[in-house]
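Model the full structure from these sequences, guided by the hints.
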Amino acid sequence: MGIGGIVVLIIALVFAGAVIALYNRLVQLRNQVRNAWRQIDVQLKRRHDLIPNLVETVKDYMSYEQETLQQVVQARSRAVQTEGQGPEAAMEAEQALSGALGRMLMVMENYPDLKANQNVAQLMEELASTENRIAFARQFYNDSVMAKNNAVESFPSNMIAGMFGFKHAAYFEIETQERAVPKVDLR
Amino acid sequence: MAEVTCPECGAANSGHGRTCRMCGTPLTAAAAARPRMQRKVLRRTDFLAAARANQRATNVLVVTLLAIGAVLGYLIGWNLQLHLDDAAALPAGIWFVSGWGVVGAVGLVGFGGVWSTVTFSFGDRIVLGIVGARAVTREEAPQLHNVVEEMAIAAGLTKPAIYVVETPALNAFATGLRRNRAAVAVTRGLLDTLNRDELQGVIGHEMGHIVNLDMRYATAVGVMVGLVALVADLALRSLYYSGGGRRRGGRGGGAGGAVALIILVVFAVLAPIFAKLVQMAVSRQREFLADATSVRLTRNPQGLIAALQKLGESAQPFKGANRATQHMFIVNPFRNFTDRSSRLLATHPPIERRIQRLMNLGA
Chain A
1 MGIGGIVVLI IALVFAGAVI ALYNRLVQLR NQVRNAWRQI DVQLKRRHDL IPNLVETVKD
61 YMSYEQETLQ QVVQARSRAV QTEGQGPEAA MEAEQALSGA LGRMLMVMEN YPDLKANQNV
121 AQLMEELAST ENRIAFARQF YNDSVMAKNN AVESFPSNMI AGMFGFKHAA YFEIETQERA
181 VPKVDLR
Chain B
1001 MAEVTCPECG AANSGHGRTC RMCGTPLTAA AAARPRMQRK VLRRTDFLAA ARANQRATNV
1061 LVVTLLAIGA VLGYLIGWNL QLHLDDAAAL PAGIWFVSGW GVVGAVGLVG FGGVWSTVTF
1121 SFGDRIVLGI VGARAVTREE APQLHNVVEE MAIAAGLTKP AIYVVETPAL NAFATGLRRN
1181 RAAVAVTRGL LDTLNRDELQ GVIGHEMGHI VNLDMRYATA VGVMVGLVAL VADLALRSLY
1241 YSGGGRRRGG RGGGAGGAVA LIILVVFAVL APIFAKLVQM AVSRQREFLA DATSVRLTRN
1301 PQGLIAALQK LGESAQPFKG ANRATQHMFI VNPFRNFTDR SSRLLATHPP IERRIQRLMN
1361 LGA
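Just so you know, the protein sequences line up as chains A and B, in that order. Oh and the first sequence: position 151 is 151 in this note's numbering, straight run, nothing missing. Whatever position you read off the second sequence (first residue = 1), add 1000 for this note's numbering.
Calculated directly from the structure, the hints in this document are not laboratory data. Just so you know, these numbers come straight off a predicted model, no measurement behind them. Glycine included, each C-beta is placed from N, C-alpha and C at the ideal position.
Derived DSS-like pairs (lysine-lysine); straight-line CA-CA distance at most 30 Å: (1) A:115 <-> B:1310; (2) A:45 <-> A:115; (3) A:167 <-> A:45; (4) B:1159 <-> A:45.
Here are some of the chain A residues that sit facing chain B, going by a computed Cβ distance under 7 Å: (5) 129; (6) 133; (7) 136; (8) 137; (9) 139; (10) 140.
Next comes the structure, spelled out in structure tokens:
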């Protein structure tokens, strides 16, 4: 084999290496998107597990607020039924649960001795953390989608993506309803 | 002059400056009339663009550092060839591409790379012991655990180990050469002083160091700087002890050899200083980058801004820190944060500059 042959061989090897690297990067991004999607479910499940504890702890203090608590319990059981169906199917029930929890937290503000309770304070922290986790899990999912879509669209990885059928991933979009500030009836 | 309140961020200014010391908003008509200079500092940006800019700056600095090492290696090889190689085999004069020089350049940079890689494989948690950090359980610090876990979710990483340093000083640091085997540590003073949002900003900053692999940057850059200093020192010493003695065969005694020698000496004296300056500049860029990453994770610049203000105001000294670990903290544990005199050698940018940049992230 002459010098020319060696040069051609080296170019071919470099080219193959680049294709493999780009392909593996796309696979990694695709798996990250899938994993991030499941992570949202994990965090939703965590919230479901937390609520019975919370209701149990506060119900003695909030005997006049049975209705609020009842709403939380009902919203939770509806949300539990959507477990395992993916975040999109669960969205409506989860939004209702968020709303019910928000109302309960607001009502709890009216009970100073409740907030002074160590157990309640801890549960409130757990609840706040769970809400954050859900939000951050969705955010990471969307970040992962952006990374994948960037790779699928930009040169040169878009050529590999086209060849091996890597597609755009869909962003998780929250309906405007949840983003709006909840209205509180003060009477 | 009277005190001026900034119309943009509400910070109190002494009235001497033309722009607000916190956010850079022009305070006088003269400053407002110079829009081009302002735009350079105050350009609104988002955290992704800020992160890219910081990463680019790091890349330039790292390449500069490698170039310093390569030039030093080349000059040493070149001088050795002039002195030791068979004169007859060399081209005339001293300005030729030195084969020994190329070997020296590649050798020095390559050795730095190998040494860094070896260092990567151990010793990533030594600092925890040095500053007296203690692992805390979820029961002891539930909120800290929650906040760290939230940030790990936002970053898509495994939750790092969590440590607390029992000191009233306000500080935090992260360590770990691998993203999924890292640790964050905060001081007791920080836990007691910051609210949840501020703590989240600080932990986001530390998670930023982990995501951006800043321990590796710090280690690799530190190895290269140390190597440059060591090799430059060796070169100078061997020249000193050989005392300009004549070498066999080579042309070391010629005028050309003397010129080459002077170039080497000058560079060997300057290289460690420049390398150190580059190292500190890298450290400052990584701090800016971690701030931007914190905002990417929390989507709430206000938390980190408020935390940095509290950290800047705190006068509590941190006794556990030392010079070798100072670059790892969220704010430098030694320095007077507003000191501008020694900016080039600082491991961290001044806190006002960091707050200013955070405010530009569309806060």
